[in-house]
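Student: These are the residues of each chain, in order.
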Amino acid sequence: MANAALEHGAVEHGLSGVYEAPLFGAYSKKVGMWLFLASDSLTFGALLFAFSYNRISTQGWPTPFGKDSIANATIMTACLLSSSLTMVLGVFAAQRRDRAWTRNWLLATMVFGTAFIVLHGMEWSKLISEGLTLPGFPKPAGQAGEFAAVSAAVPQFPATFFGLTAMHMLHVTIGVIYLGVVAFRKWFLPVLGVIWIAGYFLIPSDNVFHYGIHALGLGLLVSAVILFLKPKDYDAHDVEVAGLYWHFVDLVWMFIFPLVYLMSTKI
Amino acid sequence: MHDAGTYAATHDDSKGQYFWVWGWLLVLTAVEVVLAYRQVFQPVRMLEVLLVLSIVKSALIIGYFMHLKFETALMRWMLVTAVVGCFIIMYFFFFPDAGRILRLGVH
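Chains as they are written, first to last, in the numbering used here: chain A, 275 to 541; chain B, 371 to 477.
If we strip away everything but chain A, and leave its shape as in the complex, we get (with noise of 0.2 Å):
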């Protein structure tokens, strides 16, 4: 009796005899990635905090967010909420043991996810193009835009909208990883490995992308190491798990767009 009530709210190991006991009605996968993300929403809002207080203490903070780039920004935003709905949808087919709808969901989610990555990206060059810029960003060809004289007057600007930006963009893009790896397993390799390869002879060298493409090699060297010195099959709760983090990922772009991005609207 002891036995059955231990293992209605326990995970089998498929070791007879053995159970993990549930912690705060949970399994310990699902428990450690909530104290993640708790510490991560206080990064979050330590840089959120950061950009605020320079807001508020700066005079004449620049408002350089016309209708295209809200436009832009906004697009991104219900690419992200559509892709915390696939996202749900995957965990469901995950519970049901349907392999092949977790799939088509995830790589869903996915596609959600680059597309807010390469939209991101779009909006970053354009504003780098235009002269906003810092120091060891590599310079745009030709004349420099309406930003030089913002980057130079009030650099905290462009200080604080890329530290914060950058920040959650990594974080969007190790999410993309983490769920190909979750969904494809060692398949999702040479694809990170060619999408890696084609960025960086594609994206020009006066692009900050052609440097920071350099983050999947390192996605894939990681996703290596744990695939072959840890093959496993991702079962429903690896896929909750991953879940979880794509949609704080999600949270936090839900306070960056207004405060950033809305804040700061051209008229």
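A portion of the hints provided could be inaccurate.
Keeping only pairs whose Cα atoms sit at most 25 Å apart, straight-line, the calculated DSS-like set for lysine-lysine is [as the list claims (entries may be wrong)]:
{"hint": "1", "chain 1": "A", "residue 1": "303", "chain 2": "B", "residue 2": "439"}
{"hint": "2", "chain 1": "A", "residue 1": "506", "chain 2": "B", "residue 2": "439"}
{"hint": "3", "chain 1": "A", "residue 1": "400", "chain 2": "A", "residue 2": "303"}
{"hint": "4", "chain 1": "A", "residue 1": "304", "chain 2": "B", "residue 2": "385"}
{"hint": "5", "chain 1": "A", "residue 1": "460", "chain 2": "A", "residue 2": "304"}
Just so you know, the hints here were simulated from the structure itself, not pulled from any lab data. Values in this document were obtained by computation on a predicted structure and should not be read as measured data.
Let chain A serve as the given structure and place chain B on it in line with the hints.
Tutor: Below, chain B without anything else, positioned relative to chain A:
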């Protein structure tokens, strides 16, 4: 141990609510964009309104998409209390100083 079929049956019935949540999130986003683009409020009030809307959206995401609404009360209280507590502490460290700088009229 959860039976996969029972679990799926319970949640398949409620799949529709996730589409509703997605729909409301898009509507709230549209409201934010319209308010900001038409500059309906002054900047400080605009910030307050946008933050309230963001908190509502994040509550929907955390409660439904991240499933926290359906977790045990202990898990919910532990996470929400810890994170909210940390943000309150951050606020009291940062914003009085930001307000002071505004009153000093620093350029």
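Student: Decide, hint by hint, whether the structure agrees.
Tutor: To see whether the hints hold, each was checked on the structure:
With a C-alpha separation of about 18 Å, the suggested pairing of residue 303 of chain A with residue 439 of chain B holds against the 25 Å cut-off. Between the alpha carbons of residue 506 of chain A and residue 439 of chain B the distance comes to roughly 30 Å, so the proposed pair goes past 25 Å and is violated. With a C-alpha separation of about 41 Å, the suggested pairing of residue 400 of chain A with residue 303 of chain A is violated against the 25 Å cut-off. A distance of roughly 21 Å separates the Cα atoms of residue 304 of chain A and residue 385 of chain B; the hinted pair therefore holds under the 25 Å criterion.
With a C-alpha separation of about 24 Å, the suggested pairing of residue 460 of chain A with residue 304 of chain A holds against the 25 Å cut-off.
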